[in-house]
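Sequences listed follow chains L and X, in order. Heads up: the first sequence begins at 8 in the working numbering, then just goes up one per residue. Heads up: the second sequence begins at 10 in the working numbering, then just goes up one per residue.
One thing to keep in mind: the hints can contain errors.
[What the hints assert, rightly or not] Label-pair distances were calculated between CB atoms; the ranges are: (1) X:S79 <-> L:E86: 47 to 53 Å; (2) L:D63 <-> X:S79: 33 to 39 Å; (3) L:I22 <-> X:A23: 34 to 40 Å.
Derived from the structure by calculation, the hints contain no laboratory data. Since this is a predicted model, take the numbers as computed values, not measurements. C-beta: ideal position from N, C-alpha, C; glycine also.
The lines below spell out each chain.
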Amino acid sequence: NAGVTQTPKFRILKIGQSMTLQCTQDMNHNYMYWYRQDPGMGLKLIYYSVGAGITDKGEVPNGYNVSRSTTEDFPLRLELAAPSQTSVYFCASRISQDNQPQHFGDGTRLSIL
Amino acid sequence: AQSVAQPEDQVNVAEGNPLTVKCTYSVSGNPYLFWYVQYPNRGLQFLLKYITGDNLVKGSYGFEAEFNKSQTSFHLKKPSALVSDSALYFCAVRDGLAGGFKTIFGAGTRLFVKA
Chain L
8 NAGVTQTPKF RILKIGQSMT LQCTQDMNHN YMYWYRQDPG MGLKLIYYSV GAGITDKGEV
68 PNGYNVSRST TEDFPLRLEL AAPSQTSVYF CASRISQDNQ PQHFGDGTRL SIL
Chain X
10 AQSVAQPEDQ VNVAEGNPLT VKCTYSVSGN PYLFWYVQYP NRGLQFLLKY ITGDNLVKGS
70 YGFEAEFNKS QTSFHLKKPS ALVSDSALYF CAVRDGLAGG FKTIFGAGTR LFVKA
């Protein structure tokens, strides 16, 4: 049971480039989330999804896009990379019962230069 | 609106001593409270949760947390710290009445356990 898998683990981008951060989970969880973690700032929610075909914005969605075509996959797209998007990105999932914890991937460390 | 505060950026304890990592929260409905731990270059790992019932919740690796409704606190505790407990700890809250899609995380507290 792999849990939540994120790829790549590390990436360096130039300003203006685009990329997709991949996230897949094998636990059949309906809810999936993307967070960014900046030093001393905790986790900020970028986008979330409550099921295939349904996505919604979190606290900091500007500069990002998501899609949810299957239950398993929830990719995060950066269209025009900016230095402010340098961060560690975490994907998480959970079942829809409200009292259950989230399961996290190990993150993607992204630097924009 | 939901919020959670971890008032200490860092906690230092000696191995074998008890440890406490503090957390206070604010929700309009019934709180679902969680503690997570993060080791270097890893994602967050679930430690324990409070949903309802007993105010003292036991979790993984010997950790426990005390829910105090009047003080709106959910402090993480361990009777005897280990060097291997050194990590970043996050408190999180979800509003049980507000449809629970979103979880709000604290800024994190770094725990250093000295041998």
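Verification of the hints:
{"no.": "1", "hint": "X:S79 <-> L:E86: 47 to 53 Å", "verdict": "holds (48 Å)"}
{"no.": "2", "hint": "L:D63 <-> X:S79: 33 to 39 Å", "verdict": "holds (34 Å)"}
{"no.": "3", "hint": "L:I22 <-> X:A23: 34 to 40 Å", "verdict": "violated (47 Å)"}
Checked against the numbered hints listed earlier, the structure breaks hint 3 alone; every other hint is satisfied.
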